[in-house]
Amino acid sequence: MNILSVESLCKSHGTKVLFENITFGVDSSEKIGLIGINGTGKSTLLKIIAGLDVSDSGTVSLGSGLQIEYLPQDPVFQNGATVMEQVFRGTSPIMQLLREYEYALERLQENPSNEDLQKRLVMLSQRMDSQGAWQLESEARAVLTRLGISDFSARVDHLSGGMRKRIALASSLITPADLLILDEPTNHIDSDTVDWLEQYLNQRKGALLLITHDRYFLDRVVNKIFELDRGRLYAYTGNYSVFVNSKLLRLEQEQSTENKRQNLLRNELAWMRRGAKARTTKQKARIDRYHELEEQKPVVVSDKIELSVGSTRLGKKVIELNNICKQFSGITLLDNFSYIVSRQDRIGIIGSNGCGKSTLLNILAGKIAPDRGSIDIGETVKIGYFSQESGEMNETLRVIEYIKEEAEIMTTADGGVITASQLLERFLFSPHLQWTPISKLSGGEKRRLYLLRVLMSAPNVILLDEPTNDLDIQTLTILEEYLDEFPGAVITVSHDRYFLDRTTERIFVFKDNGEINQYLGNYSDYLEIVKGEQATQSAVKKSNTSQQSLSSTIASTRDSDKSEGKKNQPIKFSFKEQREFEQIESIIASTEDELEELKDKIHQAGSNYTLLQELVKVQLELDTKLENLIDRWAQLNEIAAEINKNKLNH
Numbered sequence: 006m007n008i009l010s011v012e013s014l015c016k017s018h019g020t021k022v023l024f025e026n027i028t029f030g031v032d033s034s035e036k037i038g039l040i041g042i043n044g045t046g047k048s049t050l051l052k053i054i055a056g057l058d059v060s061d062s063g064t065v066s067l068g069s070g071l072q073i074e075y076l077p078q079d080p081v082f083q084n085g086a087t088v089m090e091q092v093f094r095g096t097s098p099i100m101q102l103l104r105e106y107e108y109a110l111e112r113l114q115e116n117p118s119n120e121d122l123q124k125r126l127v128m129l130s131q132r133m134d135s136q137g138a139w140q141l142e143s144e145a146r147a148v149l150t151r152l153g154i155s156d157f158s159a160r161v162d163h164l165s166g167g168m169r170k171r172i173a174l175a176s177s178l179i180t181p182a183d184l185l186i187l188d189e190p191t192n193h194i195d196s197d198t199v200d201w202l203e204q205y206l207n208q209r210k211g212a213l214l215l216i217t218h219d220r221y222f223l224d225r226v227v228n229k230i231f232e233l234d235r236g237r238l239y240a241y242t243g244n245y246s247v248f249v250n251s252k253l254l255r256l257e258q259e260q261s262t263e264n265k266r267q268n269l270l271r272n273e274l275a276w277m278r279r280g281a282k283a284r285t286t287k288q289k290a291r292i293d294r295y296h297e298l299e300e301q302k303p304v305v306v307s308d309k310i311e312l313s314v315g316s317t318r319l320g321k322k323v324i325e326l327n328n329i330c331k332q333f334s335g336i337t338l339l340d341n342f343s344y345i346v347s348r349q350d351r352i353g354i355i356g357s358n359g360c361g362k363s364t365l366l367n368i369l370a371g372k373i374a375p376d377r378g379s380i381d382i383g384e385t386v387k388i389g390y391f392s393q394e395s396g397e398m399n400e401t402l403r404v405i406e407y408i409k410e411e412a413e414i415m416t417t418a419d420g421g422v423i424t425a426s427q428l429l430e431r432f433l434f435s436p437h438l439q440w441t442p443i444s445k446l447s448g449g450e451k452r453r454l455y456l457l458r459v460l461m462s463a464p465n466v467i468l469l470d471e472p473t474n475d476l477d478i479q480t481l482t483i484l485e486e487y488l489d490e491f492p493g494a495v496i497t498v499s500h501d502r503y504f505l506d507r508t509t510e511r512i513f514v515f516k517d518n519g520e521i522n523q524y525l526g527n528y529s530d531y532l533e534i535v536k537g538e539q540a541t542q543s544a545v546k547k548s549n550t551s552q553q554s555l556s557s558t559i560a561s562t563r564d565s566d567k568s569e570g571k572k573n574q575p576i577k578f579s580f581k582e583q584r585e586f587e588q589i590e591s592i593i594a595s596t597e598d599e600l601e602e603l604k605d606k607i608h609q610a611g612s613n614y615t616l617l618q619e620l621v622k623v624q625l626e627l628d629t630k631l632e633n634l635i636d637r638w639a640q641l642n643e644i645a646a647e648i649n650k651n652k653l654n655h
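Position in the sequence shown (from 1) plus 5 gives the number in this note's numbering.
Quick list of simulated restraints, FRET-style, between CB atoms:
# : residue 1 : residue 2 : range
1 : R151      : S97       : 21 to 27 Å
2 : D200      : T424      : 43 to 49 Å
3 : W638      : M6        : 47 to 53 Å
4 : D489      : A645      : 54 to 60 Å
5 : K322      : E490      : 21 to 27 Å
Here are the simulated DSSO-like cross-link-like pairs (lysine-lysine), alpha carbons at most 27 Å apart as the crow flies:
#  : residue 1 : residue 2
6  : K387      : K321
7  : K321      : K372
8  : K21       : K445
9  : K387      : K409
10 : K52       : K451
11 : K21       : K409
12 : K387      : K322
13 : K21       : K252
14 : K252      : K265
15 : K630      : K604
16 : K451      : K409
17 : K606      : K536
18 : K630      : K546
19 : K21       : K52
Think of the hints as simulated: they come from the structure by calculation, not from any bench. Glycine included, each C-beta is placed from N, C-alpha and C at the ideal position.
Work the whole structure out from these sequences, hints included.
So, in structure tokens, the structure goes:
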């Protein structure tokens with residue numbers, strides 16, 4: 006059922022056209038990912054749909070009684086509000102009731118003997134009962150806890166920006182809505198929380214429209230992609246993997262159309278040059294056609310970012326960390342950490358928020374000093390640090406002035422020379438946009454500009470702190486290709502699993518106690534190693550439990566025999582156990598065959614994500630079944646061995 010319709014929507018920002026005449030509908034069951042290059046108007050489109058901005062022309066039609074919940078990139082918070090008050094900041098009656106209840110509860114905790122507050126809380130509790138609000142209140146606490154927030158009475162304005170964004174996300178998730186709109190929901194949350202958010206949104210009923218740069222997230226959550234490209238909107242049914250293939254076909258078709266236009270234009274130009282005389286209607290029509298072809302805008306425009314900036318030579322010694330220790334407010338972030346960075350290192354750093362990841366990068370960059378230990382940096386090392394804060398960007402400068410502060414001319418990797426203006430064009434900053442004040446750029450455009458300046462400094466060691474926040478997918482893709490060819494060391498803090506898989510060969514996992522565990526491979530390799538470790542621990546635990554259970558059973562049987570004067574009676578299988586013992590090997594073999602067939606089906610499923618989800622679910626069930634069967638087989642064999650032992654003794 007269609008719940009929202011957009012007709013001929015147009016929007017400009019100054020002289021820049023964001024989108025024009027876009028038309029689409031949203032169905033109640035659709036989960037849509039909106040993608041496009043930074044500055045194309047993605048966030049603006051979401052705001053228009055949410056009723057927080059207006060279009061230049063066109064209409065947005067909502068279904069009767071449609072409830073929309075919107076999470077902006079930069080949520081607004083109420084001064085002095087507690088976590089729970091902020092979560093229940095909605096305008097619906099049930100949200101107002103929850104807000105009143107939380108406020109009364111907080112006041113009563115401060116003054117427990119106040120009878121008026123006691124009566125009010127009882128009255129509000131009764132209203133909570135009658136309106137069924139307890140479930141929503143319980144869900145809010147569960148969601149906040151899963152997002153890493155446990156102090157529900159904390160003042161929101163005393164929390165970090167990342168924690169506040171999580172509170173806003175929790176509020177959006179638990180607020181009843183027919184259409185949930187999320188602008189960059191994966192920013193500022195770690196990989197484990199992103200995994201949980203995927204599961205939550207997959208189980209949630211209702212329509213979803215979101216902007217995100219996380220390609221794995223798009224693959225696992227959405228069933229439709231909207232792409233804003235050069236003012237137009239293109240719709241693709243399927244997840245991100247399907248979109249990539251479909252867009253490739255679209256671009257090939259557009260290129261074919263443009264080639265035909267160019268051929269026609271060349272033919273018409275040749276005819277014009279032969280001195281066509283406008284003496285007949287036919288000749289006039291052909292001259293008009295030539296002018297029409299000439300005035301047409303090319304369909305295909307190159308929007309690829311080419312990164313070919315050279316780097317400074319790097320010697321043998323890069324960076325050596327010796328027993329680094331660092332504490333903040335009594336919390337240990339780094340505890341005697343030592344590591345020697347090599348020239349070809351590709352390190353990904355993961356861990357919960359506030360555990361010290363950015364602190365390590367700041368120590369490497371010389372922004373802060375360790376409490377103890379030493380850091381030795383090679384003489385040839387030139388660090389390029391892409392931080393979360395985008396440096397001290399003077400927003401009164403024009404785009405080209407900001408880049409020229411770093412360098413006006415740069416040497417490329419192949420030994421050529423490129424001007425600041427040319428490099429900006431390769432970074433999608435048109436000649437007109439280059440003279441725009443930085444303050445007029447979107448958040449993503451500012452991040453792209455900052456990235457360009459970092460790379461223009463020709464570093465040989467690159468530090469990236471959450472590079473995927475606010476950068477569009479295309480910029481990330483080209484950055485990944487650039488890092489493939491980069492001759493120096495790269496150290497990245499990120500929660501973006503796809504980016505870590507593409508760019509890292511070693512993972513540092515930060516623990517809460519200052520410990521750092523190291524794993525060879527990328528992020529997916531790390532997950533496999535951890536999964537294997539957990540499976541081994543689980544098997545050992547089950548084996549120990551089975552052994553204890555078996556020993557207890559045997560001891561109990563012997564004690565029973567003694568008490569009944571049956572000291573010499575051997576242990577026996579029951580009829581059911583004997584039958585199970587005879588059949589279990591064939592059942593195990595059959596289950597293994599099922600798993601092999603299922604793996605073939607998974608391989609053949611390709612990019613059919615819906616089918617893949619179903620098959621993977623069945624695979625997990627079969628894996629668990631096989632594990633239990635093997636445990637039971639081991640237990641039965643131990644009993645059989647004990648039976649044979651008793652037979653030999655008799």
